[in-house]
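Visitor: Each chain, written out:
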Amino acid sequence: SAVISQKPSRDICQRGTSLTIQCQVDSQVTMMFWYRQQPGQSLTLIATANQGSEATYESGFVIDKFPISRPNLTFSTLTVSNMSPEDSSIYLCSVGRGFPYEQYFGPGTRLTVT
Amino acid sequence: DQQVKQNSPSLSVQEGRISILNCDYTNSMFDYFLWYKKYPAEGPTFLISISSIKDKNEDGRFTVFLNKSAKHLSLHIVPSQPGDSAVYFCAAGYGNKLVFGAGTILRVKS
Chain A
6 SAVISQKPSR
16 DICQRGTSLT
26 IQCQVDSQVT
36 MMFWYRQQPG
46 QSLTLIATAN
56 QGSEATYESG
66 FVIDKFPISR
76 PNLTFSTLTV
86 SNMSPEDSSI
96 YLCSVGRGFP
106 YEQYFGPGTR
116 LTVT
Chain B
34 DQQVKQNSPS
44 LSVQEGRISI
54 LNCDYTNSMF
64 DYFLWYKKYP
74 AEGPTFLISI
84 SSIKDKNEDG
94 RFTVFLNKSA
104 KHLSLHIVPS
114 QPGDSAVYFC
124 AAGYGNKLVF
134 GAGTILRVKS
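Going line by line, the protein sequences match chains A and B. Going by the numbering used here, the letters in the first sequence line up with residues 6 to 119, in that order. Going by the numbering used here, the letters in the second sequence line up with residues 34 to 143, in that order.
Among these hints, one or two may not hold up.
Stated by the list, open to error - Over 12 angstroms on every C-beta distance to chain B, these chain A residues come out as not near it, computed from the model:
(1) C18
(2) R20
(3) D31
(4) Q42
(5) F80
(6) E107
(7) G111
(8) V118
To be verified - The calculated lysine-lysine pairs, modelled on DSS-like cross-linking and capped at a C-alpha distance of 25 angstroms, are:
(9) B:K101 x B:K142
(10) B:K130 x A:K12
(11) B:K104 x B:K142
(12) B:K101 x A:K70
(13) A:K12 x B:K104
(14) B:K38 x B:K101
The hints are simulated quantities; they were obtained by calculation from the structure and are not laboratory data. These numbers come from a predicted model, not from an experiment. All C-beta atoms, glycine included, are put in the ideal place defined by N, C-alpha and C.
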């Protein structure tokens, strides 16, 4: 497994602003993933972040709205840009190991946009 | 389209009895499956996985069964304990991507 931390754990933001969420892993990993869990919903993959390359976004998510950085093998950030109340969600990062490709999750960042 | 479905939003079980959580999928490309447990205000915790070449995997009190022909998997927890009360997500994977079900709330009564 892996120990994953996220900052901040929660935030309340005003619409139109941006928030950057940090994800730190205790060991080097090739792939990191960012998910969103909207209220009452399941986890939806936003993008896959590999170190040294551009993030790969899933259908419905775009880089201008959710820019991602992956500067090294233990760290990544997700920015939620120009926020609206519909962005109120829990945002989670995860890392993958082994096969089957098990993913281990951070504690999540609970974002409320007012 | 929901590729992974957990049709039971909630399940209530007496302590010591068996809990059975079910999951159905539609995409034949999935080649592995996982179960996660999630407590409030925490991230999902990996429980157990199974490759599509197997039909059963066991880890302590947790057993996952896979029926590929029916595109169905289930998680059995025996015996159930009050600490097992949480939301359980099944996830199906292909390559390095996971698709999650909507989750089932398990309540284990003491």
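Visitor: Each hint should be assessed against the structure and marked as holding or not.
Guide: Comparing the hints with the structure gives:
1. The claim that C18 (chain A) lies off the interface holds: its Cβ sits roughly 19 angstroms from the closest Cβ of chain B, which is beyond the 12 angstroms cut-off.
2. The non-interface label for R20 (chain A) is consistent with chain B: the shortest C-beta to C-beta separation is roughly 24 angstroms, beyond 12 angstroms.
3. No Cβ of chain B approaches the Cβ of D31 (chain A) within 12 angstroms, the least distance being about 14 angstroms, so the stated non-interface status holds.
4. Non-interface status of Q42 (chain A) relative to chain B is broken: a Cβ of that chain comes within 12 angstroms, the nearest being about 9 angstroms off.
5. Residue placement check: F80 (chain A) keeps its beta carbon more than 12 angstroms from all beta carbons of chain B (closest about 17 angstroms).
6. With a least CB separation of 5 angstroms from chain B, E107 (chain A) falls inside the 12 angstroms interface cut-off, contrary to its annotation.
7. Chain B draws G111 (chain A) into its interface by the beta-carbon criterion, the shortest separation being 5 angstroms against a cut-off of 12 angstroms.
8. With 12 angstroms as the threshold on Cβ separation, the claim that V118 (chain A) sits away from chain B holds: the shortest Cβ distance comes to roughly 19 angstroms.
9. Among the hinted pairs, K101 (chain B) with K142 (chain B) is inconsistent with the structure: their alpha-carbon atoms are about 32 angstroms apart, more than 25 angstroms.
10. Distance restraint check for K130 (chain B) and K12 (chain A): the Cα-Cα separation of roughly 24 angstroms lies within the 25 angstroms cut-off, and the hinted pair is therefore satisfied.
11. Note on K104 (chain B) and K142 (chain B): the hinted pairing is violated, with a Cα-Cα distance of about 30 angstroms set against a maximum of 25 angstroms.
12. Using a Cα cut-off of 25 angstroms, the hinted pair K101 (chain B) and K70 (chain A) is violated, with the two alpha carbons roughly 38 angstroms apart.
13. With a C-alpha separation of about 38 angstroms, the suggested pair K12 (chain A) and K104 (chain B) falls outside the 25 angstroms cut-off, and the hint is violated.
14. For a cut-off of 25 angstroms, the pair hint linking K38 (chain B) to K101 (chain B) stands: about 15 angstroms separates their Cα positions.
Consistency note: the structure conflicts with the earlier hints numbered 4, 6, 7, 9, 11, 12, 13.
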